[in-house]
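Enquirer: Chain P is fixed; fit chain V onto it per the hints.
Chains as they are written, first to last, in this note's numbering: chain P, 1 to 112; chain V, 1 to 115.
A few of these clues could be false.
In silico lysine to aspartate or glutamate, DMTMM-like type, Cα no more than 25 Å apart, as pairs [unchecked claim]: (1) K68/V - E82/P; (2) K107/V - E88/V; (3) K49/V - E100/P; (4) K107/V - D84/P; (5) K58/V - E54/P; (6) K114/V - E15/V; (7) K68/V - E88/V; (8) K107/V - E82/P; (9) K69/V - E100/P; (10) K69/V - E15/V; (11) K13/P - D85/P; (12) K110/V - D84/P; (13) K107/V - E100/P; (14) K110/V - E82/P; (15) K110/V - D85/P; (16) K107/V - D85/P.
Below, a sample of chain P positions facing chain V; criterion: calculated Cβ distance under 7 Å [claimed, not checked]: (17) L39; (18) P43; (19) F45; (20) G104.
Some chain V residues judged to face chain P by a derived CB distance under 10 Å, without partners named [claimed, not checked]: (21) V4; (22) Q6; (23) K49; (24) T51; (25) T77; (26) A92; (27) K107.
By construction, these hints were calculated from the structure, which means they are not laboratory data. Since the structure is predicted, the reported quantities are computational estimates derived from the model, not experimental observations. For glycine and all other residues, C-beta sits at the position ideal for the given N, C-alpha and C.
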Amino acid sequence: ETGVTQSPTHLIKTRGQQVTLRCSSQSGHNTVSWYQQALGQGPQFIFQYYREEENGRGNFPPRFSGLQFPNYSSELNVNALELDDSALYLCASSARTDYEQYFGPGTRLTVT
Amino acid sequence: AQSVTQLGSHVSVSEGALVLLRCNYSSSVPPYLFWYVQYPNQGLQLLLKYTSAATLVKGINGFEAEFKKSETSFHLTKPSAHMSDAAEYFCAVTSYGGSQGNLIFGKGTKLSVKP
Numbered sequence: 001e002t003g004v005t006q007s008p009t010h011l012i013k014t015r016g017q018q019v020t021l022r023c024s025s026q027s028g029h030n031t032v033s034w035y036q037q038a039l040g041q042g043p044q045f046i047f048q049y050y051r052e053e054e055n056g057r058g059n060f061p062p063r064f065s066g067l068q069f070p071n072y073s074s075e076l077n078v079n080a081l082e083l084d085d086s087a088l089y090l091c092a093s094s095a096r097t098d099y100e101q102y103f104g105p106g107t108r109l110t111v112t
Numbered sequence: 001a002q003s004v005t006q007l008g009s010h011v012s013v014s015e016g017a018l019v020l021l022r023c024n025y026s027s028s029v030p031p032y033l034f035w036y037v038q039y040p041n042q043g044l045q046l047l048l049k050y051t052s053a054a055t056l057v058k059g060i061n062g063f064e065a066e067f068k069k070s071e072t073s074f075h076l077t078k079p080s081a082h083m084s085d086a087a088e089y090f091c092a093v094t095s096y097g098g099s100q101g102n103l104i105f106g107k108g109t110k111l112s113v114k115p
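Same shape as in the complex, but just chain P (with noise of 0.2 Å):
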């Protein structure tokens, strides 16, 4: 069984740029969801993705969007960056009536 993996592993970045991290979800988990972690801070929720469809957001802005695709994969973009979105990415998956979430090892973004 394959587990959840995140690419690239770290990502540098000047402010005002964009960027798109990657997720492949564990096998048989159909939702995907994603979480900042600051330096020093528990992950916060940035949003969900189940079935394709975004499935509830946390407190981030629109710059920050999503996909996910059809074999569950999932994208996170973040636009016009800033240097407080310099931080680590964690991509979650699990399946829809299981709470459970398992975690990639996250991308460490830093914005210069």
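Expert: Relative to the frame of chain P, chain V by itself:
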């Protein structure tokens, strides 16, 4: 609204000593509660979960937690700390029956284990 408070951002114990990490939650609906562990530069690994069955929950690596509704607590314990337990621990809450299974995390407790 739901929230989680983890008391103590940093806990230090000696190897072989009891580990106690505190978590209090706030929820207007029956909660699902989780403890996750995060090792440096890694993602989160589920230690254990409470989903309204038994109030004493056993997890991996010898950890357990007890759900106490009257105290709105879900403290994590381990009888004997091991050096490999040094990591950051996060308590999280969500609600059953909602359309969104988003987890709400506490700020984390960093556990140090002294030899």
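Enquirer: Each hint: holds or not?
Expert: Checked hints:
1. K68/V - E82/P: The given pair, whose Cα atoms are some 42 Å apart, is violated under the 25 Å limit.
2. K107/V - E88/V: It holds: about 10 Å lies between the C-alpha atoms, which stays within 25 Å.
3. K49/V - E100/P: Given that 25 Å is the threshold and the Cα spacing comes to 8 Å, the pair holds.
4. K107/V - D84/P: 18 Å, holds
5. K58/V - E54/P: Distance of about 34 Å is beyond 25 Å: violated.
6. K114/V - E15/V: With Cα atoms ~6 Å apart, K114/V and E15/V stay inside 25 Å; holds.
7. K68/V - E88/V: 23 Å, holds
8. K107/V - E82/P: Holds: K107/V and E82/P sit about 23 Å apart, inside 25 Å.
9. K69/V - E100/P: 21 Å, holds
10. K69/V - E15/V: Not OK: K69/V and E15/V at ~31 Å, beyond 25 Å, violated.
11. K13/P - D85/P: 10 Å, holds
12. K110/V - D84/P: 23 Å, holds
13. K107/V - E100/P: Given that 25 Å is the threshold and the Cα spacing comes to 20 Å, the pair holds.
14. K110/V - E82/P: 28 Å, violated
15. K110/V - D85/P: Judged against 25 Å, a Cα distance of about 23 Å means the pair holds.
16. K107/V - D85/P: Holds, at about 18 Å.
17. L39: 11 Å, violated
18. P43: Because about 5 Å separates P43/P from the closest Cβ in chain V, which is inside the 7 Å limit, the hint holds.
19. F45: 4 Å, holds
20. G104: 5 Å, holds
21. V4: 8 Å, holds
22. Q6: Holds: closest Cβ of chain P sits about 8 Å from Q6/V, inside 10 Å.
23. K49: Where the cut-off is 10 Å and the nearest Cβ of chain P is about 6 Å from K49/V, the hint holds.
24. T51: At 7 Å from the nearest chain P Cβ, T51/V passes the 10 Å test, so the hint holds.
25. T77: 20 Å, violated
26. A92: 8 Å, holds
27. K107: 5 Å, holds
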